[in-house]
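**Student:** Sequence:
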Amino acid sequence: MKRFSKYFIIFSMIIMIIFQSYTLSFARSGGGGSGGGGGGGGGGSHSSSTNHSDRSTGKSNPLGNVMFIIFAGVIWQREKIVCKVKVARKSMEANKLIIYLRKIDNNYSKDILNDRVKETYFKMQEAWTNRDVEISKEYMSDSIYNLHSNKLEWMKVRNERNVLSNIKLLDFKPVSIEHYKDNSKDIVWFYIKGSMIDYIINEEKMKLLRGILKVAVLLSFGNL
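In terms of UniProt numbering, the numbers along the sequence shown are unbroken and rise by one, the last being 224.
These aren't lab readings, by the way, just hints derived from the structure by calculation.
Heads up, some of the hints might be wrong.
What the hints assert, rightly or not - Computed beta-carbon distance windows for the label pairs:
| id | residue 1 | residue 2 | range |
| --- | --- | --- | --- |
| 1 | Asn106 | Asn166 | 31 to 39 Å |
| 2 | Lys181 | Asn202 | 45 to 53 Å |
| 3 | Lys207 | Lys86 | 39 to 47 Å |
| 4 | Glu204 | Lys96 | 48 to 56 Å |
| 5 | Asp115 | Ser165 | 36 to 44 Å |
| 6 | Tyr180 | Arg89 | 20 to 28 Å |
| 7 | Asn146 | Ser184 | 15 to 23 Å |
| 8 | Met92 | Asp115 | 38 to 46 Å |
| 9 | Val157 | Asp105 | 39 to 47 Å |
Glycine residues also receive a C-beta, built at the ideal position from the N, C-alpha and C atoms.
Take the sequences, apply the hints, and build the full model.
**Tutor:** This is the structure in structure tokens:
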């Protein structure tokens with residue numbers, strides 16, 4: 001197989017799902033991410049009032065507030081568990097196939113795959129925060145390259161920069177493999193968990209536009 005011509009893509013609109021902390025998931029009200037290589041589209045949290053007024057007394061109902069919080073917490077924990085179970089199952093299946101393919105193709109070596117994921121993850125973040133898509137060009141398909149180029153050029157016009165710092169890759173697992181006779185077209189999908197500080201500033205005015213100066217955890221899927 002040719003050296004992975006398959007591309008590792010951190011989706012242009014990364015879905016920010018905060019699993020580490022229930023409080024943190026509501027703290028990222030806007031998220032810095034403008035939808036690029038590391039950025040994130042933000043938690044997208046919508047804070048709706050939980051105060052229910054008693055029409056006869058005009059007082060809030062604290063029991064209703066408590067019940068809402070408990071209900072929201074239960075739903076969130078359930079989704080967290082379901083996601084982890086699905087990822088674990090898919091990862092087990094993918095690893096079995098990787099072990100098989102490794103016998104006929106050295107590019108499926110665990111070390112090669114792991115190094116490629118790490119290298120790509122950090123290059124994508126570096127390119128995005130520096131508004132220089134050329135840094136990560138070799139890790140992208142043409143369509144993603146063009147998409148990111150257009151977005152970054154538009155950000156330059158608006159004097160915006162998506163600042164990413166304290167970037168960490170916390171975990172990653174293969175979850176799906178597309179294997180072809182022409183194995184230069186093979187694709188390995190990965191579940192990725194990382195964390196970073198992610199916000200957008202106006203460089204001309206030195207003004208914070210979106211995001212918060214705290215570390216947020218992101219979950220995403222990308223491929224090699």
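**Student:** So the hint says 31 to 39 Å: do the beta-carbon atoms of Asn106 and Asn166 match that?
**Tutor:** Holds, since Asn106 and Asn166 (Cβ atoms, about 35 Å apart) stay within the stated range.
**Student:** Note whether the CB distance of Lys181 and Asn202 lies within 45 to 53 Å or breaks it.
**Tutor:** holds, 51 Å
**Student:** Should the hint that Asp115 and Ser165 are 36 to 44 Å apart at their CB atoms be regarded as holding?
**Tutor:** violated, 23 Å
**Student:** How does the Cβ-Cβ distance of Val157 and Asp105 compare with 39 to 47 Å: does it lie in that range?
**Tutor:** holds, 45 Å
**Student:** If you check the beta carbons of Lys207 and Lys86, does the distance land in 39 to 47 Å?
**Tutor:** holds, 41 Å
**Student:** So does Met92 sit 38 to 46 Å from Asp115, Cβ to Cβ?
**Tutor:** 22 Å Cβ-Cβ, so the 38 to 46 Å window is violated.
**Student:** May I ask you to test the hint 20 to 28 Å on the CB atoms belonging to Tyr180 and Arg89?
**Tutor:** holds, 24 Å
**Student:** Can you tell me whether the CB distance of Glu204 to Lys96 sits inside 48 to 56 Å?
**Tutor:** 53 Å Cβ-Cβ, so the 48 to 56 Å window holds.
**Student:** At the C-beta level, are Asn146 and Ser184 separated by a distance inside 15 to 23 Å?
**Tutor:** holds, 21 Å
Hint violations for this structure: numbers 5, 8, all remaining hints satisfied.
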